[in-house]
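First to last, the sequence lines map onto chains A and B. So in the working numbering, the last spot in the first sequence is 336, and the numbers never skip. So in the working numbering, the last spot in the second sequence is 1468, and the numbers never skip.
Hints listed in this document are in silico derivations from the structure and should not be mistaken for laboratory results. Hints are supplied without guarantee of correctness; some may be wrong.
[What the hints assert, rightly or not] Now the stretches of chain A that chain B is said to cover, found in silico as 3 or more residues with beta-carbon under 8 angstroms:
(1) 54-66
(2) 83-94
(3) 116-129
(4) 149-162
(5) 284-296
(6) 317-330
Quick reminder that beta carbons are idealized off the backbone N, C-alpha and C, glycines included.
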Amino acid sequence: MNLPVIFFFVIAFVWSVFVFLEGFDFGVGMLTRILGRSDGERRMMLRAIGPNWDANEVWLLTGGILIFSAFPTWYAAAFPSAYIPLLLLVFALIIRALAIEYRSKRPDHRWTQAWDNANLVAGFALPFLVGVFWAGMVHGIPIDGDGRFVGDSLWSHISVYSVLGGLALVAYSLAHGAVFLSLKVSGPLLERVTVTARGMSLITLALMSVFAVWTWLAYADDAIGATMAVLTVLAFAIVVMAVYAGRLLLAFWGNALGALAFMVSIFAALYPNVLPSTIDDGFTLTIAEAAASSYALTVLAIVAVIGIPGVIAYQSWSFWVFRKRLTKDTVDAGHY
Amino acid sequence: MGDSLLVDLSRLQFAFTTLFHFLFVPLTLGLAPWVAILDTMYYRTGDERYARLVRFFGSLLLINFAIGVASGIIQEFQFGMNWSVFSRFVGDIFGAPLAMEGLFAFFIESTFLGLWLFGRGRLPRRLHLSTIWLFVLGTWLSAYFILSANSFMQNPVGFAIDPVTGDANLTDLGAVLFQPLTIVAWLHTIVGGVLAATVFVFGVAAYHLKRRQHVEVMRKAFRMAMITGIAAGALQFVVGDVLGVIMVDKQPMKMAAAEAVWETTGPCAPLGLVAVPDQEARDNSLFIGVPCLLSIVATNSLDGEVTGMNELQEQYEEQFGPGDYTPNVWIAFYSFRAMMGFGLLGAIWMVFAWWKTRRGRLPTSKLFWSISIWIIAAPWLGNLFGWIFTENGRQPWVVYGLLKTEDAVSDLSVGLVAVSLAGFVILYAIIGVIEFVLMRRYAIRGPMDPDEPMPGEPPRVESSAGAP
């Protein structure tokens, strides 16, 4: 193993953590509007992610930064090629952040309703666009022999396969959000989120299975590809069984496994390349070609070795501090 | 290379989104420690007035911080989306500071803000207090890392050009992180933020004092802001001067443009008050200045000579080949003056206000209070013009002496960039108005009832007496 390959999988890990943590944030963003029947219920749902969503979002930024840092050529080809999906992603991130932070700043029904609607749209768009971005990457984009993007940014990431990847992540976010809420909320809302968790985890299993098999057959037709597909299906099957058995904490960790399987199968499909060229196989950008200099990678390795475990440690502590199930009283008292 | 309309639109989008982001950054940088200090005072003294100020300025900080974070995300994407040639060129260098910003600053900032907001009453009080200080640390570190990347663009150090790809490779991390320009630019930004926040607190307090409401707490805020603000203004004068001296050495063209000095002048070079630069003729159509002052400011002596843009242009042509190496002088000259003028106006007014309110006086003049409110805008303008000055002055380079702006853009269609720019203008106009309205409402409403709980705190026993 060399540093570029290690970083390739470090990036896969960071994106997995992002899908795992922001997955339930996006899901909660959508479910607030869909399942919350009163302002109190909606505030309770937002409170469930309140202390952590902002830090969860940093995993996305870190995932992007590490592509830039460790593989500048990959970043410089992939980001302009996904101009429209990424632009919409940024818009949705902005809207989502303000929807959470500003909705309860005015006790006006039209104001809160507008922000909840905005959060619903953004919560749908975000996982969808992330799925389109990564599936589009697996599918490949037009890059020339110099590793430069030369296509049309409008459509280069859009295909049936990438849309399927997007929808699978939307379903995942809804299921994961509902499972998360079933561990955090109380009152009549609890029943509704549990029912949603059942339905959505089944839909997620179906969409993720089709996506995994497609990835395996079309882009990773080897033993590793097959293994990753099996692992993905298995993870989401565990979630379904756990949800139906009422073992929601197990379902929650099953979704963590699912996020990891989903992202790693994408990276495994790309390996040993970072970006396939749709113009000519010879132009495909490999891990080695796209990597930063070994000095820069060494610096990054030190930063990552200190930074990533450190972040995981204090973020876990924060989750532990706020581990308690929410009640009406705690929600009424606090911020949001 | 590149279509000049594409370059212009891409630059406009970057400038627009970054300046919008920087409407909120200084206030966060300055208001975060302000709230942390108030919370510490509350912890130490138990004085309820501090608690009310924490609640009040804390909620303003949060409204501002939310949009600051949201509008900052685009930069991480935009480097690649719109400036892919640049990204490839500097990726090896930018990697380290940006990864550090993510892993050592953004995570700290966001995690500990969450703990502060929701953790009151759940964490031991000392530990809870430390979370707001970690949040401050995160915001200040974040500014440091991104400024070390920006300083590389202003003055590239610690790199070697890769003989195969022609891109810059990192060879010395210490040089990139700790070059004097980075340290001084960071101080300049932090002090600018503290100045903006103190003038903001001062102005908000003035609003309430004008109406003689919440007098007891607001008087405290007013005084604290005045003292910090005057100190910050004085400090900024020194830091700005040091930065200017570094700039004269590293980017003489920028500083010559700032003073609209075309021909090398001196001894006794005049400092311009009014100039009408003629970029085509490479001269000024009109120039009114104070004799000898520029020599004194730039070289600390009367006989100092200031190198003019025409001489520098010749040097650069020799060094880099034919081309125009002069930034837009009109923008440079006036943005430099606007930065200093607006930047220091707030501090100067605070000196006057300090004299007017000495020994506990509360002036009755409506005009005094109105100016004290409107002065809030001054440091904002100062900060924005500062960025306009320094980024315009770097042109035509995106990485000084290494890569030109016109060569750095992604090869996108003009229509696509026009659409995304329009999208940003519309979205930012909407959220900008919303933010302004919310800030105004919360600022005008004033500190809440002392019985109201702190953010994230369970209800007080007294106030929840009526609840079941």
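Hint check results:
1. 54-66: n = 9 at 8 angstroms, threshold three: holds.
2. 83-94: With 9 residues closer than 8 angstroms to chain B, the segment 83-94 of chain A meets the three-residue bar; holds.
3. 116-129: violated (count 0)
4. 149-162: holds (count 5)
5. 284-296: Result for this restraint: holds, n = 4.
6. 317-330: holds (count 5)
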